[in-house]
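Heads up: the protein sequence lines correspond to chains A and B, in order.
Residues 5 to 205 in this note's numbering are what the first sequence spells out, letter by letter.
Residues 5 to 205 in this note's numbering are what the second sequence spells out, letter by letter.
Please keep in mind that the hints were generated in silico from the structure rather than gathered at the bench.
Treat the hints with care, as some may be off.
Intra- or inter-copy, both count: the list cannot distinguish identical chains.
What the hints assert, rightly or not - Simulated crosslink set (DMTMM-like; lysine to aspartate or glutamate; CA at most 20 Å straight-line):
1) K167 with E53
2) K10 with D96
3) K167 with D122
4) K192 with D72
5) K147 with E99
6) K10 with D55
7) K147 with E178
8) K10 with E150
9) K10 with E99
10) K167 with E149
11) K119 with E178
12) K167 with E7
13) K192 with E149
14) K10 with E65
15) K119 with E149
16) K119 with D81
17) K147 with D175
18) K10 with D122
19) K192 with D175
20) K147 with E135
21) K10 with E135
2 protein chains.
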Amino acid sequence: MREARKGMLLVISGPSGAGKGTLYNRVLAADPTITFSVSYTTRGPRPGEVDGKDYCFVTEEQFRQMLDRDGFLEHADVHGHLYGTPRQPVLDALEAGRSVMLDIDPQGALQVMEKMPDCVSVFILPPSFAELRRRLTGRGTEKPEEIERRLRNARGEVQLMGKYQYLVVNDDLEVAYRTLQGIVDAEKQRSSRYFPVVEEE
Amino acid sequence: MREARKGMLLVISGPSGAGKGTLYNRVLAADPTITFSVSYTTRGPRPGEVDGKDYCFVTEEQFRQMLDRDGFLEHADVHGHLYGTPRQPVLDALEAGRSVMLDIDPQGALQVMEKMPDCVSVFILPPSFAELRRRLTGRGTEKPEEIERRLRNARGEVQLMGKYQYLVVNDDLEVAYRTLQGIVDAEKQRSSRYFPVVEEE
């Protein structure tokens with residue numbers, strides 16, 4: 005069986021605390037052909053965050069220069085900090101047949117859906133706002149006012165879920181992971197990306 | 005977790021001998037919420053075929069009357085026999101939130117994709133034409149000239165695979181089944197059909 009595949013651009017969004025990082029990191033671990041796109045940000049690194057792995061930490065001036073060169077596929081101002089997806093690495097990976105995963109906020113996700121209509125967009129939902137509050141509180145890393153801000157944001161983000169192609173509720177982690185993995189696997193069978201050849205012999 | 009779902013219209017096509025019946029019957033067995041749409045045909049029943057289950061066997065006059073009343077979602081003339089999908093049962097099932105599976109030839113499938121752009125279309129491929137010939141011969145039910153005709157048809161049908169959303173190669177039956185089931189499960193998560201509600205508590 006001869007076959008060829010094009011890479012896919014996977015856009016994952018969801019409120020802080022919905023568990024999207026845990027979910028997509030399992031997908032990345034299971035499928036080494038998918039590259040994670042590291043975003044640029046002007047915010048400072050949090051304890052444990054590694055430059056070039058979690059984010060590329062840059063100054064606002066560096067960010068603005070890259071923006072002037074049209075160097076971002078999407079960018080957004082989130083709570084006063086700039087975030088952006090570098091364009092060229094994504095295009096290069098797709099060109100080479102590799103898939104790329106983006107973890108971006110709804111502002112950026114909507115930009116990518118418009119510019120790259122072939123992308124696969126998935127929104128991860130918490131089962132309830134009460135559970136989201138429990139998860140954000142349980143982390144123990146955010147101050148109460150930060151938790152309240154994230155909860156307000158979550159209510160706004162959830163309003164936009166209909167803009168995404170797929171919805172996954174992260175109630176049971178195992179079920180949610182299998183659902184997300186299933187979406188990724190199904191999308192690999194798209195005739196726009198998958199080119200099997202029925203040979204004679 | 006409150007949620008609502010709309011039904012989906014699944015269109016399955018593939019050359020005779022590709023094994024699509026075996027595959028979609030497993031999907032139907034695993035998911036009793038999907039209804040199989042029984043086609044109307046003017047050809048006579050083959051040994052073992054049950055009227056109303058495999059096909060609704062009708063006369064050409066009955067078929068033409070239904071066609072005049074716009075009673076078919078699609079219809080096609082295949083080797084001199086008429087085949088059609090009755091429109092109303094499909095629309096009624098979808099309206100009631102049930103999913104419907106159609107097993108139809110490419111002529112009909114293209115009609116359905118145009119009329120029902122929300123449908124999910126899957127084309128099942130054999131791994132090779134040599135294997136397709138072995139499967140058609142192995143059935144022992146078709147005459148040699150019928151097998152040759154089906155092989156010629158298969159070559160034509162395979163040219164149209166790019167018109168379908170998803171492609172599944174049925175080389176290993178178990179792998180192909182899991183792939184088809186995965187496509188159906190992923191499509192259930194589409195935001196156009198799936199309406200989860202993030203509740204307060």
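Subject >> Index of numbered hints that the structure contradicts, given in increasing order >> reply: Checked against the structure, the hints that fail are numbers 1, 4, 5, 6, 7, 8, 10, 11, 13, 14, 15, 17 and 21, while the rest are satisfied.
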